[in-house]
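Visitor: Residue strings, one per chain:
Number of protein chains: 2
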Amino acid sequence: MAYYSDLRQFIDALEEKGKLVRFKRELIKETEIPSLFWLQYRGLPEAEWKSFLFENVIDAKGRHYPNILLGGQAPSREILALGLMCEPGELNQKWCDAVLSPIEPEIVRSGPVHEVIIIGEQLDSSGLEQLAFPGEVPGFGGIVRTTTQVITKDLETNIRNVGTYTGHFIGRNLISLALGHQHHGWSNLRKCREKGIQMQVAIVVGATPNIGMVGSAPVPYEVDELAIAGGLAGEPVKLVKCQTVDLEVPATAEIVIEGEVSNNYELPEGAFGDYPGYVYEVEGNYRPALEVSCITHRKDPIFVANIIGYPPNESHILSAAAREAELYRHLKYGCYVPGILDVAFPYSGGGRNFCVVQIRKAAPWDPWQVLNAVAGYDPGLAKLAIVVDEDIDPRDPDAVNWALSFSMQPHRDVRIITHRVPGLDPSAYPPGVSVPERRFPSPSGASAMLIDATRKWAYMPAGLPKKEYMEQAIRIWQEEGLSPLSLKNPWHGYHLGHWTEENEEAANLTVAAEHMKLGESRRQGARKVSHLFRDTRKGGER
Amino acid sequence: MAYYSDLRQFIDALEEKGKLVRFKRELIKETEIPSLFWLQYRGLPEAEWKSFLFENVIDAKGRHYPNILLGGQAPSREILALGLMCEPGELNQKWCDAVLSPIEPEIVRSGPVHEVIIIGEQLDSSGLEQLAFPGEVPGFGGIVRTTTQVITKDLETNIRNVGTYTGHFIGRNLISLALGHQHHGWSNLRKCREKGIQMQVAIVVGATPNIGMVGSAPVPYEVDELAIAGGLAGEPVKLVKCQTVDLEVPATAEIVIEGEVSNNYELPEGAFGDYPGYVYEVEGNYRPALEVSCITHRKDPIFVANIIGYPPNESHILSAAAREAELYRHLKYGCYVPGILDVAFPYSGGGRNFCVVQIRKAAPWDPWQVLNAVAGYDPGLAKLAIVVDEDIDPRDPDAVNWALSFSMQPHRDVRIITHRVPGLDPSAYPPGVSVPERRFPSPSGASAMLIDATRKWAYMPAGLPKKEYMEQAIRIWQEEGLSPLSLKNPWHGYHLGHWTEENEEAANLTVAAEHMKLGESRRQGARKVSHLFRDTRKGGER
Numbered sequence: 025m026a027y028y029s030d031l032r033q034f035i036d037a038l039e040e041k042g043k044l045v046r047f048k049r050e051l052i053k054e055t056e057i058p059s060l061f062w063l064q065y066r067g068l069p070e071a072e073w074k075s076f077l078f079e080n081v082i083d084a085k086g087r088h089y090p091n092i093l094l095g096g097q098a099p100s101r102e103i104l105a106l107g108l109m110c111e112p113g114e115l116n117q118k119w120c121d122a123v124l125s126p127i128e129p130e131i132v133r134s135g136p137v138h139e140v141i142i143i144g145e146q147l148d149s150s151g152l153e154q155l156a157f158p159g160e161v162p163g164f165g166g167i168v169r170t171t172t173q174v175i176t177k178d179l180e181t182n183i184r185n186v187g188t189y190t191g192h193f194i195g196r197n198l199i200s201l202a203l204g205h206q207h208h209g210w211s212n213l214r215k216c217r218e219k220g221i222q223m224q225v226a227i228v229v230g231a232t233p234n235i236g237m238v239g240s241a242p243v244p245y246e247v248d249e250l251a252i253a254g255g256l257a258g259e260p261v262k263l264v265k266c267q268t269v270d271l272e273v274p275a276t277a278e279i280v281i282e283g284e285v286s287n288n289y290e291l292p293e294g295a296f297g298d299y300p301g302y303v304y305e306v307e308g309n310y311r312p313a314l315e316v317s318c319i320t321h322r323k324d325p326i327f328v329a330n331i332i333g334y335p336p337n338e339s340h341i342l343s344a345a346a347r348e349a350e351l352y353r354h355l356k357y358g359c360y361v362p363g364i365l366d367v368a369f370p371y372s373g374g375g376r377n378f379c380v381v382q383i384r385k386a387a388p389w390d391p392w393q394v395l396n397a398v399a400g401y402d403p404g405l406a407k408l409a410i411v412v413d414e415d416i417d418p419r420d421p422d423a424v425n426w427a428l429s430f431s432m433q434p435h436r437d438v439r440i441i442t443h444r445v446p447g448l449d450p451s452a453y454p455p456g457v458s459v460p461e462r463r464f465p466s467p468s469g470a471s472a473m474l475i476d477a478t479r480k481w482a483y484m485p486a487g488l489p490k491k492e493y494m495e496q497a498i499r500i501w502q503e504e505g506l507s508p509l510s511l512k513n514p515w516h517g518y519h520l521g522h523w524t525e526e527n528e529e530a531a532n533l534t535v536a537a538e539h540m541k542l543g544e545s546r547r548q549g550a551r552k553v554s555h556l557f558r559d560t561r562k563g564g565e566r
Numbered sequence: 025m026a027y028y029s030d031l032r033q034f035i036d037a038l039e040e041k042g043k044l045v046r047f048k049r050e051l052i053k054e055t056e057i058p059s060l061f062w063l064q065y066r067g068l069p070e071a072e073w074k075s076f077l078f079e080n081v082i083d084a085k086g087r088h089y090p091n092i093l094l095g096g097q098a099p100s101r102e103i104l105a106l107g108l109m110c111e112p113g114e115l116n117q118k119w120c121d122a123v124l125s126p127i128e129p130e131i132v133r134s135g136p137v138h139e140v141i142i143i144g145e146q147l148d149s150s151g152l153e154q155l156a157f158p159g160e161v162p163g164f165g166g167i168v169r170t171t172t173q174v175i176t177k178d179l180e181t182n183i184r185n186v187g188t189y190t191g192h193f194i195g196r197n198l199i200s201l202a203l204g205h206q207h208h209g210w211s212n213l214r215k216c217r218e219k220g221i222q223m224q225v226a227i228v229v230g231a232t233p234n235i236g237m238v239g240s241a242p243v244p245y246e247v248d249e250l251a252i253a254g255g256l257a258g259e260p261v262k263l264v265k266c267q268t269v270d271l272e273v274p275a276t277a278e279i280v281i282e283g284e285v286s287n288n289y290e291l292p293e294g295a296f297g298d299y300p301g302y303v304y305e306v307e308g309n310y311r312p313a314l315e316v317s318c319i320t321h322r323k324d325p326i327f328v329a330n331i332i333g334y335p336p337n338e339s340h341i342l343s344a345a346a347r348e349a350e351l352y353r354h355l356k357y358g359c360y361v362p363g364i365l366d367v368a369f370p371y372s373g374g375g376r377n378f379c380v381v382q383i384r385k386a387a388p389w390d391p392w393q394v395l396n397a398v399a400g401y402d403p404g405l406a407k408l409a410i411v412v413d414e415d416i417d418p419r420d421p422d423a424v425n426w427a428l429s430f431s432m433q434p435h436r437d438v439r440i441i442t443h444r445v446p447g448l449d450p451s452a453y454p455p456g457v458s459v460p461e462r463r464f465p466s467p468s469g470a471s472a473m474l475i476d477a478t479r480k481w482a483y484m485p486a487g488l489p490k491k492e493y494m495e496q497a498i499r500i501w502q503e504e505g506l507s508p509l510s511l512k513n514p515w516h517g518y519h520l521g522h523w524t525e526e527n528e529e530a531a532n533l534t535v536a537a538e539h540m541k542l543g544e545s546r547r548q549g550a551r552k553v554s555h556l557f558r559d560t561r562k563g564g565e566r
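If you're matching them up, the sequences are chains A and B in order.
According to our numbering, the stretch in the first sequence is residues 25 to 566, in order.
According to our numbering, the stretch in the second sequence is residues 25 to 566, in order.
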């Protein structure tokens, strides 16, 4: 089956799978539209998260706009997988395969992204203002923006980079581009500035999901993300040349914003929602100024926005999936750690600060190889890194907390490390500190905690009925017409390596109602009372 | 409103509130009955957990029995609160009030618990075997038992103790009583044995919920738990004198088992499910032998069993609530810590190993006073102790993980302590070690981790839309007839102390769609490009 030719084909697929909600009534993009999308994350279980298409958009002043799509990429992990044409459980391996077998993009002569071209006088008089950008955290956020794929090139090698950076709209033809020093886009900018050249940029809005995925994942500097996007799709990404810059963009994207980063001035940042779930304080931050030279778009362009703030929302889901896939690749194909089963960056950690790696442990040092490898992978990732056994669902906080509670001893299984990069983590520095202090709080930076929460030896079975008894109970349950079950793992008991013939015999006698026979065998083992006068200690008295 | 006079009145209240499921079909108590109850914990959300009444009970051999009630006490926190006639949020304070204002029990001449008396020949020929005890983790568990209130007395002071201990049925008139050295019942036993006297015991099955609550909570040795039960009920617990031992028991209980603990022999333990969620390995453990002298019960006695195993099940819910209330009391009325809001022992930690305390922090040292107090309260409790701010729901693992991810720095906010008591935590010692090693693994015992996950300074607002915009979105959501919402906190943004007039102005301009006006003010703040040649570093490259 061919990959989605454009976003609109993906929207059709969403609708077919019952994953699209259409709003036909008039709704305000600064307030009502983002708030409706937030509601699903605060009020519905993950299985019900969907994409929202707004078909009658106005702004707070009553002006009309084209459509807005929220959740056009990864409003849930299930929809992200749909966008990459795989199952959620296949995302990590699909990513590895694409990185290992990229497919170079193909340049084509024309594409629908050039159906409308806005340039010159028209750009200056309306420009970005005519795009259907929504607000994100109304009442707190002081910006409107894209948070989509930004394409730049390396001046020397001409290798493309695709990164997901925020572009704050500062005017009809001016964007404050949130390039950070850790971004490849910044490396490209630096090389340009060293030669006195202004870096060219193309911001892509509304591409297919494979493009969004590569824009969110870390990949080596020398690799063209669009070739990995081709690997994900199983076919080349079709690109067209831009109108005013020497860059290529996906031919079927909804909107492209072209421009050059000024080498003369930079712009102060406003407060906006970011991955930690707080509005981000940016006083003293300055960002490159992108002077827009052209906007191209399809007819009736759909503005696809990525809402960012309190976790979860789409931004966390996408960035978690991208990081999970990449760290999985690193552990499995980079460090050759055996038994890597899954990597999870739970949304509660912003898809970044909390990391759970599930392994099939073969040796006692496996969990620590993983933890050391995670620590060495990125000094700004995984403030909490936890390794769990194969029966622990790394995406289920109850299961992870069960492992922390009964498979881990802090003095033996926890290590705290320093000299970490805090990113936007507000626990690392007080408000108002200087920009360098935010990047690395002196003297030892931020810190992280590595936890081996795997079992250290054989355990007795997990304390639930055997599978056959639970299956029989499910049959009775359904016959009785009780509330529909949504079973969570584990839903039956299972062995964990420690079990004796005596245990088995006792269990068998018990289910056979041979209680007196079992009791008799216990009575045979009676011994004389010993230690009559042991100390009595408090300790959990009842 | 008077308190429930007996369990049957409580069952009526459950039914009235839609919290009771009746099973009228024939079901096997060793396998089907416990498995059905387990299903609700693996397959339904907490709001739907109920009590299950089985009205046609057989055993695996086809013999018929009286009714079994599972979840007769605390199948959910909501039902526990119903049993104590308060709201779930009032449980902690209700407990404190009862401890501070106990009401002494009242001895009455007779009660329904004596409707049927089984003694002598009848006891020896059927005895415990005729009780409707269910299996618990069929296929793994090798015992049947009570895990209900056990009443003993101090030989010198005559003060009653009520503890929830397990009584394994070893024969028709013999019980292996899981009294541990940490239990008050053990202190009473030791005093008896020092004088060569056999301790008298009464096991109570099917009392009202207030009795179960005091049986699960730690209280001082010198306090009669039944007086606290009276405090919870707002009226004295009515007691009748036992038939064959010098003890008093609730007059309306369903079943009472009377007997004496032999000073001559003790019994080996079988494997059974316990709070960590594993079948508990007991090789080498011996327990006091309770020789049953009499069973009394109501007509058609309802056997109320407390199923124990993988968390959550009723045992975790009850013991969590009891520990929460008691630790709340300790912190608030014992240590006078200001600002204690809630204490949670999440079920994933077996209601014991994982502890979250929610406070309204007034001083930077408040969280550490709490953590030190928790550490000093019980060396076997709270392997993970976490303090969170007032906006963090301590029962929501996502909220707690959010606090761990963005309000805590491990090197600054975590302390690991040793010399802890492992209890049944299987991570503390390998299988097969001696009983003393299980009680305290040499040389430094088990360990715990104390974490201050409160914010250390003012933060920017939580990144969700302001309440008014979310409320408007809820109205639109309902008008559109979308899936019913079950809102989780936080469901709107809120301030956390750090916010400027400029932030407020920008947010106001954004919701008013004055994007160009806001952008213009940003443009005014532009500065010349500086630091052209800063280092470029990897760190989360994209």
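Where hints are given, some of them may not hold.
[Stated by the list, open to error] Covered stretches of chain A, going by a simulated chain B footprint (3 or more residues, C-beta under 8 Å):
1) 160-170
2) 299-305
3) 496-502
4) 539-553
Read the hints as simulated data drawn from the structure, not as lab findings.
Even glycine gets a Cβ: it sits at the ideal position worked out from N, Cα and C.
Visitor: Confirm or reject each hint.
Guide: Okay, the hints, checked on the actual structure:
Counting residues of the segment 160-170 of chain A whose beta carbon lies closer than 8 Å to any beta carbon of chain B gives 8, which reaches the threshold of three, so the coverage claim holds. Counting residues of the segment 299-305 of chain A whose CB falls under 8 Å from any CB of chain B gives 6; the rule of at least 3 is met. Counting residues of the segment 496-502 of chain A whose CB falls under 8 Å from any CB of chain B gives 5; the rule of at least 3 is met. Requiring three or more residues with a Cβ within less than 8 Å of a Cβ of chain B, the coverage given for the segment 539-553 of chain A holds, as 12 such residues are present.
Taken one by one, the earlier hints all hold for this structure without exception.
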